[in-house]
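Peer 1: Each chain is listed here by its residues.
2 protein chains.
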Amino acid sequence: MIELRHLRMVQALAETGSVSAAAARVHLTQSALSHQLGALERYFGLSLLDRSRRPLRLTPAGERLLLAARRVLPEVDAARAELLRQASNHAPESLRIAVECHSCFDWLMPAMDAYRAERPEAELDLVGGFLPEPVNLLLEGRADLAVVSQPEDRPGIRYLPLFRYEIVALLAPGHPLADRAFLTAADFAGQTLISYPVPDQALDVVQRVLRPAGVVPKRRTAELTVAILQLVASRRGLAALPRWAAQTQIERGYVLARSIGQEGLWSTLYAAMRSEEGEARESFVSTLRRTAFATLQGIEQPVGEG
Amino acid sequence: MIELRHLRMVQALAETGSVSAAAARVHLTQSALSHQLGALERYFGLSLLDRSRRPLRLTPAGERLLLAARRVLPEVDAARAELLRQASNHAPESLRIAVECHSCFDWLMPAMDAYRAERPEAELDLVGGFLPEPVNLLLEGRADLAVVSQPEDRPGIRYLPLFRYEIVALLAPGHPLADRAFLTAADFAGQTLISYPVPDQALDVVQRVLRPAGVVPKRRTAELTVAILQLVASRRGLAALPRWAAQTQIERGYVLARSIGQEGLWSTLYAAMRSEEGEARESFVSTLRRTAFATLQGIEQPVGEG
DNA sequence: TTGTTTGATGATCGTTGTTCATGATTGAAT
DNA sequence: ATTCAATCATGAACAACGATCATCAAACAA
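Protein chains in written order, with my numbering: chain A, 1 to 306; chain B, 1 to 306.
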């Protein structure tokens, strides 16, 4: 039977004149689209694509489908858009947010305020303290949205990227490493790393820089961002935090920021949600993005994901 | 994401005002439709159906979808119809037909002639003799269509019902049982059953009447329908054949026909095909139906299946 | 020819949709 | 109220389908 995906496929084929390109256009592999096309052709016992010359052209049967696609797809998209709009008015009765990232409160609060302003009836909540696996809370139904930095793809969970940010090394003014343009893993050897009280694998610096280089610095922890910065300033060690988390203290010269590695250490923050809830959370996520870019400095658009 | 099935569901819901009725209308169980509805509602975080009073009514969001459905579905159906039409012109280069039913040749030949007249370029073939499992030929790609009387649902095979027919007992004029209005299983005891040379389970009389009653008559076989009728007429035993297979001999009084059981023993003939080929064979099947009803007497429309 | 790009195909895996079995609700009738 | 019937919802299990991976075959350019 004809499905919407077939119409999208035909449209993509017509516009690109190539199976591979069409596949990319509908976010599928070339193989998937080829199978899809083959199945539809076999189903009707018709050829839809004239493969004899490049660029590929649709056969009359293909053209007929293209016509249907042009009439149908805008209609479906419009309905979808309207439903999303209605959904955002209806506002989820409760939106419980779990946060893994310790420094995220700084921008999450303004974001929540902004959302509350748009939809006063929305009931926003922050759940629990810092739970080790916020994604589990989603699956258990104890939270509706989680902000995480390492998307491990679990079934039933969808991730929407929020923004890319740089994790910088923070050190006290006058620190021996202060003259470096950027720090390397080796520079951390013998230093004390001051961080939130979380396991190693939750820290990007450790995971992506120090452990690969075999560097295991001493660790010291503090709950609050300001406490960490205070320890750094009083020369108890180095910290590695998102640049925006320490922005004001950096500007005041209270601490110094240095990139980690020549390119800097970049990470991406994601909003995680139950995938069954589809696009219901989309409007909150866009508020999240908007306020993040308005509030934080030095963050960038995430790559990929339309 | 919105799918065509969702649009069909909404339309059915709007027109029936009931989940169960809508489910039946789209050939699904009530459970399936309820799940489908629930998933769509969760996806958008919207209620589509006002369940507070009967008959059920669509919410505004549901109405919006209904609007899309009314615009989209006719368009899709039209495209599908046009593709089917084109497919029937393009005619399958070869249509190889396997027949399980021995007496089927009588009406299959006129059907094939009729189809050939419509589409001269179609290449029709009858495959092999009477193979035990014609459906296997389909899966092996050695045939494209099979005519069978007992649809065993195998994956990848689709059955389209052709017609219902009565299997009658045939006996010689003046036979001791000739005065009965209809025969029962017990009447077969001690008689010789004359049939095609096929295993027991392929004979509907044995399968559905005699075996359940524990009656095991003597068996005698003949290859051709006329040979069986000749044996019956010369008092070598009874036969049980489709009424239409012996129609002319019955009319001439060469043999007598009696119903089996009070209601008669009815069976249905099906066209079997690879389901991946979808509707490509549909036009031939409709020719099959048409000529069968034109050629054969005493057959009926099959129940179910739109 | 060789190398490169593009499309096709088979196997496999995960997701999704459907059904079955059952529980919860609703409305009507006693 | 209580019971009964009808209707809808839900959880578990299964089957089917769609997508991907890993190749292979074919077309085109150098």
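Among the hints, a few may not be true.
Stated by the list, open to error - Distance ranges between label pairs, derived from CB positions:
1. Glu15/B - Val198/A: 52 to 58 Å
2. Glu133/A - Gln207/B: 27 to 33 Å
3. Thr29/B - Val198/A: 55 to 61 Å
4. Glu152/B - Glu82/A: 44 to 50 Å
5. Met1/B - Asn89/A: 55 to 61 Å
6. Asp113/A - Glu15/B: 28 to 34 Å
7. Pro55/A - Glu15/B: 43 to 49 Å
8. Pro60/B - Glu118/A: 50 to 56 Å
9. Pro60/B - Gln230/A: 36 to 42 Å
10. Glu121/B - Ser31/A: 44 to 50 Å
11. Gly156/B - Gln262/A: 36 to 42 Å
12. Glu263/A - Arg85/B: 27 to 33 Å
To be verified - Here are a few chain B residues that face chain A, going by a calculated C-beta distance under 8 Å:
13. Arg57
14. Ala61
15. Arg80
Since the hints were derived computationally from the structure, they do not count as laboratory data.
We put the CB at the ideal spot given by N, CA and C, even for glycine.
Peer 1: For a quick check of understanding: which of the numbered hints are violated here, in increasing order?
Peer 2: The structure conflicts with hints 2, 3, 5, 6, 8, 9, 10, 11, 12 and 13, although it agrees with all the remaining ones.
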